[in-house]
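Residue numbering for the sequence shown follows this note's numbering, starting at 87 and increasing by one per position.
FYI, nobody ran anything at the bench for these hints, they're computed from the structure. Using N, Cα and C, we set each Cβ at its ideal position, and we do this for glycine too.
Derived CB-CB ranges, DEER-like: (1) Asn-399 with Phe-478: 18 to 26 Å; (2) Lys-231 with Glu-385: 43 to 51 Å; (3) Asp-373 with Asn-409: 50 to 58 Å; (4) Asn-409 with Ser-127: 29 to 37 Å.
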Amino acid sequence: MFFTITVATYNRSNLLRRCLNSIKKQTFSDYEVIILDDCSSDDTASVVQEYTSDKRFRYIRFEKNLGFANRTFYEAQKKGYFNGKYIFECADDDFLNEEYFLENVYANIKDEKAEVVLFDIGWCYFDDIVIKWNIDALPKLFSYKDLKEKEKSIIVTKMRNILKKEWIERYDFFNEEAQGCKDVYFEYSNELIFQYARLSYVPHITYVGGVSPNARAKYLDLYQWIVTMGMYFDGAKKEKLIWQKLHDIFTSQAVCQNALVNWHGKEVADVLYSLVGKEKYSKYLRDIAQIYSECFQDELNREYDRFNKMLLNEEETLRVIENSNSFVVYSDGFMSQYVKEYLIRKKKHVLFVADDYKEGFLGFQDIVARKQEIDAVFIATSNITYIRDMLFKLSVINSEVNILSLILRDDTWKIP
Numbered sequence: 087m088f089f090t091i092t093v094a095t096y097n098r099s100n101l102l103r104r105c106l107n108s109i110k111k112q113t114f115s116d117y118e119v120i121i122l123d124d125c126s127s128d129d130t131a132s133v134v135q136e137y138t139s140d141k142r143f144r145y146i147r148f149e150k151n152l153g154f155a156n157r158t159f160y161e162a163q164k165k166g167y168f169n170g171k172y173i174f175e176c177a178d179d180d181f182l183n184e185e186y187f188l189e190n191v192y193a194n195i196k197d198e199k200a201e202v203v204l205f206d207i208g209w210c211y212f213d214d215i216v217i218k219w220n221i222d223a224l225p226k227l228f229s230y231k232d233l234k235e236k237e238k239s240i241i242v243t244k245m246r247n248i249l250k251k252e253w254i255e256r257y258d259f260f261n262e263e264a265q266g267c268k269d270v271y272f273e274y275s276n277e278l279i280f281q282y283a284r285l286s287y288v289p290h291i292t293y294v295g296g297v298s299p300n301a302r303a304k305y306l307d308l309y310q311w312i313v314t315m316g317m318y319f320d321g322a323k324k325e326k327l328i329w330q331k332l333h334d335i336f337t338s339q340a341v342c343q344n345a346l347v348n349w350h351g352k353e354v355a356d357v358l359y360s361l362v363g364k365e366k367y368s369k370y371l372r373d374i375a376q377i378y379s380e381c382f383q384d385e386l387n388r389e390y391d392r393f394n395k396m397l398l399n400e401e402e403t404l405r406v407i408e409n410s411n412s413f414v415v416y417s418d419g420f421m422s423q424y425v426k427e428y429l430i431r432k433k434k435h436v437l438f439v440a441d442d443y444k445e446g447f448l449g450f451q452d453i454v455a456r457k458q459e460i461d462a463v464f465i466a467t468s469n470i471t472y473i474r475d476m477l478f479k480l481s482v483i484n485s486e487v488n489i490l491s492l493i494l495r496d497d498t499w500k501i502p
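Produce the entire structure from the sequences given, and follow the hints as far as they go.
See the structure below:
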């Protein structure tokens, strides 16, 4: 078996079918698919039955909800479910854009003998796919240390990878203590892998990410966030490069940014580590996390509920796009290019891209000043903290201008 493809899923049977179909139609056939169901309550099990007649597809349902995709992956890894030489973790709301995706990756591995194979990320907003390939930005075969900073940034923010199973097992990248937030966890793992692995880049294939309104609520477990990020701090002591990465994470952004909370994690973890030492750090960190959770969890849930109600759902978003002509793309980074191209495909007029932090861009004040020209402002980020801040700023004109974003209102969300 050459590839093991894991698909973690939870209550997204409609999107899961799209993901599995994109795998089943691959021209390369030497793979297995392990569907990791995190205790879904919808019709996921019946949907999966459409695929398990093919012996390459296996269904594993966990009896207890583990809460995070990387936890289901780790449990499956511990139980020895992976038979492939290379491991590819695929989310249930994402899919492979080309039928020759796996075939091209296989050919690259055979030619270049790479341990880590990288490829581009596309973006799917409803049924429209936008792709930006990085063909000119990366060499075909390379080592991480030889890359420029811009190229390193491309790897972290705009690419996905397939890992050699041997590397995962040798370095224990999915160690149990560090579970809890997939986005940060994979950056952490990649910082380890990239220092030693033989890397290659496969052009002209795309892993496409989708929009899922119910993907956010799992980040509202304040205790889990604090323990997870605090344990990264602990592990970072062993590797200088990892420590620097974690230092940047702790100081430059809210540790709990997806949960709308900043608990000053770097400062707390740093002081705690110096006071109690490595032996007691883990225990005391959990004590502190419990205190934070008891004091602030209810407030966090209320704040999230308020934020969720400010968003548009799928039907409302599509209606705004259809009925609006002149747009401003309000950006915090690279996603603006995807949103701008998406709107142009829809034959919409993009007046300008606004960015409050980059020199040479128009910003919030320009949006307010030109509101009479604007039908809608499209917030081009999936970062909840930024969207929340932008929504509050734009509230001064939301009675005159439509506001939409890359994430959708979760109509299933209720305060626990």
